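Q: Here's the letter readout for the chains.
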Amino acid sequence: MLVTQFLILGALLFSIGIYGVLVRRNAVLVLLSIELMLAAVNINLVAFGAFLQDTMLGGQAFALFVITIAAAEVGIGLAIVVLIFRNRSSANVDELDLMRW
Amino acid sequence: MFDYHALAPELIIGIALLATIVADLVLPDRLKYLVGVTALLGLVAAAVPLLTLAFCGDISGCTDTGTRTLFGGSYVVDDFALVLKGLFIVSGVLSLLLSVGYLESDDYYQGEFYFLLLASVTGALIMASSRDLLTMFVGLELVSAPAFLLAGWRKGDLRSNEASLKFFLTGVLSVAVMLMGMSLVYGLTGQLTFEGIASAASVSGVGDSPAFVLGVVFILVGFAFKVSAVPFHFWAPDTYQGAPTPVAAYLSVGSKAAGVVGLLALCYQAFSTVPEIWGPLLWVLAVASMTVGNLIALRQTNIVRLLGYSSIAQGGFILVPFAMAASYDTVGLSDAFFASVTYVLIYAFMNLGAFAVVIAVAAKTESGEIEDWGGLNRYAPGLAALLGLFFFSLAGIPPLAGWFAKFVMFRAVIGVFESPWAVALAVIAAVNAVIALVYYAKVVKTVYMDAVPVTVPVDRATQTPVPRPLALAIGVTAAMVVIVGFFPQVLGLFGEISERLVAGP
Amino acid sequence: MSPTLALFALQAHEPGHLSDGGVLAEFAWLIPLVPLVLMVAIVFVGKRLPYKGWELAEAAMLFVAVYGVTLLIMNASGGIYHEGSVEIARIGAYTIEWGWVVDGLSIMMYSVVGVVGLAVFTYSKGYMKGDVRYTWFFAAFTLFAGAMLVLVSAANMIQLLVGWELVGLASYLLIGHYWEDHSNNAAAIKAFFTNKIADVGLVIGIIIIGVTVGSFRFNDVLTAVFDGDSALAQVAFWAGLALFIGAMGKSAQFPFHVWLPDAMAGPTPVSSLMHAATMVTAGVYLLGRMFPFYQSDVFAADVKTIIIVIGAITLFAMGLIALVQDDIKKVLAYSTLSQLGYMTVAMGAGAYTAGLFHLFTHAFFKGLLFLAAGSVIHAVHSNNMSDMGGLRKPMPWTYKTFLVGSLALAGIFPLAGFWSKDEILASISYDAGHGGGTIASVVLWIAIAGAFVTAFYMARAVYLTFFGEYKGHAHPHESPKIMTYPLIGLAALSIVAGFVNVPGVYTGFTEWLAARPFSMGDHHAESINFALAAIGLLVALAGIAAGTRLWRKDAATQAERDRFRIPVLYPVLEHKYYIDDLYRVALVDPIRGPVARFVNWTNTYVIDAVVNAFGGLSMVLAKGVYRGVDQRGIDLAINAVAGATGEAGEALRHTTTGRVQQYAGALFAGAVLLVLGLLIFT
Amino acid sequence: MEMFDDGWGLSLIVFLPLAGAGLILLLPKAQEGLIKLVGLAFALLSFAASVVAILRFDFGAAEQFQFGTDLSWISAIGSRYHIGIDGISLPLLVLSTLMTVLAIVYSLNHWPEPHNPKAFLVLLLLLATGMNGTFVALDLVLFFIFFELVLLPMYFMIGIWGDRAKIRLPGFRREVETRLYASIKFFLFTLFGSAFMLLGFLALYFKSDPHTFDMVALAEAGQMGLFDGTFGAWVFAALFIGFAVKVPMWPLHTWLPDAHTAAPTVGSVLLAAILLKLGSYGFIRISLPILPQQAQDWAPIIAVLAVIAIIYGALACLAQTDLKRLIAFSSVGHMGFVMLGISTLTDVGINAAVIGMVAHGIITGMLFFLAGSMQHRYHTRDMARLGGNMKTLPIIGGLMAFTAMASLGLPGLAGFWGEFMALLASFNPLDGLSLVVFRTAMVVGAVGTVLTAGYMLWMLQKVNLGEPSEEWAGKDLHDADKFELAAWVPLVLGIVAIGVYPKIVFGATNDAVTELVRRAFGG
Amino acid sequence: MDVGAWIDWTLDWLSNAQNVLFIVVALAMVAAAFRVVTSPNVVHAALMLVVALGGSAVLFLMLGAEFVAWALVLVYIGAVVVLFLFGIMITRAPTGRDPVRLDHKRRWPAALVAFATFVTLASVSVAAFEDAVIEGQVTRTDELGELLFTRYVIPFEAVSFVLLAALIGGIVLARKDPE
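Chains as they are written, first to last, in the working numbering: chain A, 1 to 101; chain B, 1 to 505; chain C, 1 to 682; chain D, 1 to 523; chain E, 1 to 179.
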């Protein structure tokens, strides 16, 4: 197995995530896309960890933390989304432009 | 067996965190303010070990002087860390003082608020000491995550919700980008600790490989977001405006400072061997931030939003000393480092002061629109004067502390006056300093030289008292602004600290 | 002694042969100081004094007169030369001093200013009675005299400049004495401003000379002249010219003369003092002070040509204008211009003594004429001769004294004017033979013609004022004694003053003036040039005769008596047939007619126009600069920059669209672009 | 007294006003009498100290810095509290302390609206500290601080107590109150300049070895030729902007007329009397000694700009209808003479500049006092309405005439020496400078004196002379009161004294200037 | 390299069983990811995310990161996705096909940014590790656990705070206030 193949896969997922973040209107879907990006990062990390034979297991540890944090983010994100939905009965991020300029 | 002395501040605050939750649960409503007191005490208590660590040499029975390295160099408690931890604790305390009156003015969830604030401060403390990518990342998250929530604390207010979501999304995305960068850097160097990265990067084929460049840039983008540098600044004005003002104050100081700490540690340690990568990068960011921030601030009508843009511009000034790193010698580097640290410290005090006054005034005028503040000095001369004090200090007018920040910043740049890029940067910064004056002065002008608008309930305003904690915060910051302005030497001790750190690994 | 000076046998002879004047000379600094101090006193305490400050002014002039005359007498018995100075500053290599010089030249001026001043001040007590600003008038008047004395006593050029400008200031104050009327202010400003323009010349001249010589003291400068200082020689022409321009301003030489007629706006005593002793003589005095500088060929000798020409033009043209004036003071004013022309011509002709001698005599009779005219005006409440006539009966003393003055001015033997004018003519003719060349000889004839004109218009003035019927409205009466006594005194002086310098008989005046550490190297005739004297006298008489023929008609009813009043002309007038025709056809009509009018016209519409145009132009320019450049140009640019900055902010702030996803897009795009940028540029 | 010589004296002169300001801040606003008393007292103390300085000053060694001290201040950036005065700074320092006292005396019964003496005095004293400090500072950073310290008080003075009339800005459609426009304009211009000045200072610091902000050390280094070449050119340019804005030199002058017109009387007085001098003093004290080579390269440019300013200022004056604005533009012209003197780089020229600064300070300060008092009575500055002032207010009118005469450079009064000597100096400037440029400058400058006379006389005619317009008939316009006279008499005496006996100033400056020129230009 | 060499190289690469597995999983993941960002149905999108993450879990196993793989499965499929589904229900996000409201009109700028990012990332990665090979090895979980509590204890504690903060804060924000 080559490192590159994982990296390319990671890059692909990352970019797809970016696309999702940019085009999706529904906040929940935006969150989903973000998860994709984080997943891509994890693939990179683990692949590198394996490639480097890191005795400190830096890659894996890092990936674990990313997973945990990601979970926390989802919790926070959804909480905010719910709050907003309650206040304006819509979870579309592009309608949030009370403040600009 | 850990070095508990070195970890004491973090531990104490950790305990304080839990204490606040418990207190919040047990205390009846009328005693809720004790929660704030608990949090305050926790922060103050955390400052004690800082002192014992800093002046260990002078204390009997304290043996472990000097730098303390933990966990294989991934966590370090040195003077630099101590100074900035001190800064974070102080800004935490001040933000807390700002919050108290604000929270009691309406039924917010006080206990949780303090808890989150403390959590965020803890994250900052960790960042100050962390010397590897992983710890830095987690610390950053611990700073941000509570802040996301605090921004939305005014639940009923659509703007607050909006602020929260915008802050959250951009924040998470920037972290994702940063992580991607970290993964690449890790992959290329095989190291997470800064020392390791630095030495590995000096090997040719690694430090100069495009992948490494991309890694560095992506990481720095993550922090550039925290210091709200253009073009990663968009969240800042919206969030400041929408979030509860004390939170905005904390964001513009505490979490921005955290971002700067990250940048400092990364640039001057992890990437100390490749300044030619981040130097130009930050040159661009600094110029863009100063210029865009100032120009947009010119046209703001809402005071908090104006402060938002101003803090973007100030962030630009903070980044300026990094920009010429590639051409510095060791002395120059330490000067630059010193400049950034000094700027952050002074900025913290004057910006918090400004926000404090803004909160107090907004409570009187019941408006955040600048034009509604006309003739403030008629019915609140003291606040008007302090407003002038802080705003002109932000503008860098001697003899207020701001001048010294600007001065060391210019000093760091001119240090390499041979380079046209340095001169250009200096000139741009100078012009920006002048432009900035326009909008700072505009506010002061309104407050002192305009008539009182009819909409403002003057008589009511005169009665509204300034909450004691707020007054205390204002007093402290004002004192600092004046003292530092006349005797900047009080910040001088960071000089040798920076030398040591730059000479470091 | 350098060979370059061989041509003019200038001798820098030791001051040794001159006595140092003793204590009086040492304290000569009191002469300018006393009037100035008393002037301050008048300003502050004058109003509380019994005579409202007049007595202080009078005291000042008395002091100066006595001091000056005493010095004059001492000087007459063996020359005096003394120079003292106090350092008031050192600037780099230069020393600035306050100095006083006591030598023939300055002593002569001291006494003239003192004596004429005394007369005028005394007279003013009566003339100014009941004036709105009586005390202030005497303060300014004293300042006027004091400033002139500062100028005269100056031992260095800077002090001279000080006095020079102070005189200008005082004239401004006095001419504009009745400042409620803006036309008077205009006149005052015109005087000050015209002088100020000329002073640019003076200042530049002083700077050039001072810097080249390294000192501002007249003695050092003249010493440099006698040592043939080559550096000074190089700049001499321009320096000399510049100084002369300054002199033209004060001495009202063509074309700077325009301010003087307007200066009549001031009270008559002011005109009297100004024309006789103080202001207008300053220019001639300066030329005298710097005389050797203009004499030596290697220095500013070339300027002399310019001087003599300017003098000649002024002399003749201004005299003609006097013919067509109705305002009696204007007549006198133009006559002063013409007489100043004589002095200037003399200086240009290298006649140091002659020029200053005329200044000396002229001071008395011109002072007298103005005071007398003032007495008339005082009586008839009008300046215009068309409102006068037949006044010799009600105002006998005024009439007599005025007549004396007129004759003296016309140069009738043996009055003062005769001697001084004759000496000028003599020296011009000498100059014509010695380097002056054709120009000098032409000027000689102009001067003679000028003598005719002088007599002509004075005769006219006398007839129109004192003969014929009274055409005015007020009831004329003789002026009070306080006014007539000064007239008499000056009249006496106008008669005798000429005898102090009669070539071949008694030339005291020449020696007085010679009492300087340097010989002036001017030529003195051993005896009177009878031919010239005769011509001069005849021309003058002709002028009077012509005047009589023409203006006696205005006094037709008294035709008989007129014939007897002018016995000298009687036989001539008998042969009216051809003489009248001759006059009318050959001289008068043309002179009264087109020529005079033309000159007058040019004066009003060309030279004045130029001056006014200068003023107007600068105003236009001013508006242009201010509105155009300052407000629309620079300020607009500044504000434009400000505006543009604001607009940039306005444009930029719209990048913050409020759409979080666009923020995110910026985030990613920014990150990627930064990477690419770095990869490409490094 | 030993202490006095060891830096305490100067520190007192500089910081007594500051202490006064602090004390006043503590007093309750109601206690107006007390507040005024304290303010006056501290200003007087500071003045007294400066008088002591005169008495103890060793004029024999005027070229040396006296009463100096050199203490550690901000070692982190290598800046020290280094102060001292020589013959050049002494007259300016005394002028500054004196004007402060007079300004306060005058204010005692002329409080511009809004009243609030407390704030006004605090600002005034703060301003005094800044002005005094600038003249004693021998460390670039210290100089910079004091130089900037004057901005805030003046900004507030103009902005709060300034003229509320509306003006339409060139290039803008909307109208704005004069005071608002003028105050920010003043602030921005000066800050812009000093920002670049600071860059210049820093460049000098880093070029010098060992790094230092000390003016004396830098001057020595500069005279060694350390700062020659393009580096020096850039630095000089930076400093030039900083100082030229303050002077102000054409075409950076446009803030001046607005600021003067808008400022309250005392503000205009101090602005004209002292603040403008900070710029020209900076040239003499910093630019010339430290960058002699560049000074010689730049001298012709400065001379040309100076001459333009002279003519330009005069012409602009002739176009004014507003009395204060006219006086303001006259400052442009007069400072032009000062800069002309400096540009010659000769001892004569710089002496001329210093005495010109002092004279302009006294005279123009006086003019603004008078203009202010007239506005105080007539409530207008429109010269078209002010005719016949001599009749309505004889004393003020008389003083106005007197001061105008002094201002147009009448010999025997203070204004003369600066102009005359500047022209003299520009007739033979430092060897190597273009004679053509400078002699032309001399002639044009001389013509400028004529124009100066022109507009001053014109101003007098419009304001003082003629019959007063009937609109003042009924009003009782009381003539100068005792406070005004108390503030003015010293100035009048000064005008005469310096005019008659210029050694009062030259005696102090000459040796210092000669030494400075000798060191910098070997001249 | 010319086409022939390219084909040879590919075949050679595919001859490795792990690589075959990888390509399969990778393709599945990419496809799923595409659906996540394009599916007009929110619930489908969420489920597709499960697929994608599951794929990455498989890759982790291939790379010998057992613990991480299972942690991923537990945390995500066990918790996060459920959370998402709750979120979707609460916010009543449209479950039917309704592309208009789910996506922006302007997709192309987004696509451009995404593509640019991909190209940059991929190219620099390839340039950095041309054909560096991974010798996959199985890590023993106890090592990882020990490291977590020694070397990485600080971040570990910090993360606990993050979670706590998220928990408390989330509750405060999301709960309905008693009016």
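Hints are computed from structural coordinates only; laboratory data are not their basis.
Be aware that one or more of the hints could be misleading.
Residues from chain C shown here face chain D by an in silico Cβ test under 7 Å; the list is partial [stated by the list, open to error]:
#: 1; residue: G84
#: 2; residue: V86
#: 3; residue: I88
#: 4; residue: G92
#: 5; residue: V162
#: 6; residue: Y178
#: 7; residue: I189
#: 8; residue: K196
#: 9; residue: K481
#: 10; residue: I482
#: 11; residue: E511
#: 12; residue: Y626
#: 13; residue: I634
#: 14; residue: D635
#: 15; residue: N639
Partner residues are not named here, just some residues of chain C that face chain D (Cβ under 7 Å, in silico) [claimed, not checked]:
#: 16; residue: V200
#: 17; residue: E469
#: 18; residue: I638
Straight-line alpha carbon distances no greater than 27 Å define the calculated DSS-like cross-link-like pairs of lysine-lysine that follow [said to hold, decoys possible]:
#: 19; chain 1: D; residue 1: K166; chain 2: B; residue 2: K442
#: 20; chain 1: D; residue 1: K482; chain 2: C; residue 2: K47
#: 21; chain 1: D; residue 1: K391; chain 2: C; residue 2: K52
All values reported here derive from a predicted model rather than from experimental measurement.
Backbone N, C-alpha and C define an ideal beta-carbon position, used for all residues, glycine too.
Q: None of the hints should be skipped; say for each whether it holds.
A: Evaluated hints:
1. Hint on C/G84 is violated. Least Cβ distance to chain D is approximately 17 Å, over the 7 Å limit.
2. A cut of 7 Å between beta carbons decides the hint on C/V86: the least distance to chain D is about 9 Å, and the hint is violated.
3. Using the Cβ-Cβ criterion of 7 Å, the hint placing C/I88 at the interface with chain D is satisfied: the shortest such distance is roughly 5 Å.
4. Residue-level restraint check for C/G92 holds (minimum Cβ-Cβ distance to chain D is 4 Å; threshold 7 Å).
5. Using the Cβ-Cβ criterion of 7 Å, the hint placing C/V162 at the interface with chain D is satisfied: the shortest such distance is roughly 4 Å.
6. Below 7 Å, beta-carbon pairs count as interface contacts, and C/Y178 has none with chain D, the closest being about 10 Å; its hint is therefore violated.
7. Annotation: interface hint on C/I189 holds; nearest CB of chain D at approximately 5 Å, less than 7 Å.
8. Among the interface hints, the one on C/K196 holds; its C-beta lies about 5 Å from the nearest C-beta in chain D, closer than the 7 Å criterion.
9. A cut of 7 Å between beta carbons decides the hint on C/K481: the least distance to chain D is about 34 Å, and the hint is violated.
10. This hint is violated: C/I482 has a C-beta 29 Å from the nearest C-beta of chain D, more than the 7 Å allowed.
11. Hint status for C/E511 relative to chain D: violated, with the closest Cβ pair at about 34 Å, above 7 Å.
12. Because the closest C-beta pair between C/Y626 and chain D is about 4 Å apart, less than 7 Å, the hint holds.
13. Using the Cβ-Cβ criterion of 7 Å, the hint placing C/I634 at the interface with chain D is satisfied: the shortest such distance is roughly 5 Å.
14. About 5 Å separates the beta-carbon of C/D635 from the nearest beta-carbon of chain D, less than 7 Å, and the hint is met.
15. Restraint check, C/N639 versus chain D: the minimum CB separation of about 4 Å is within 7 Å; hint holds.
16. Contact between C/V200 and chain D, as hinted, is supported at the beta carbon level, the nearest pair being about 5 Å apart and thus within 7 Å.
17. The interface hint given for C/E469 is violated, since its Cβ lies 38 Å from the closest Cβ of chain D, which is over the 7 Å cut-off.
18. Interface restraint check for C/I638: the shortest CB-CB distance to chain D comes to about 6 Å, inside 7 Å, so the restraint holds.
19. For the hint pairing D/K166 with B/K442, the CA-to-CA distance comes to about 18 Å; that is within 27 Å, so the pair holds.
20. With a C-alpha separation of about 21 Å, the suggested pairing of D/K482 with C/K47 holds against the 27 Å cut-off.
21. Proximity of D/K391 to C/K52 is assessed by CA-CA distance (about 20 Å); at most 27 Å being required, the pair is judged to hold.
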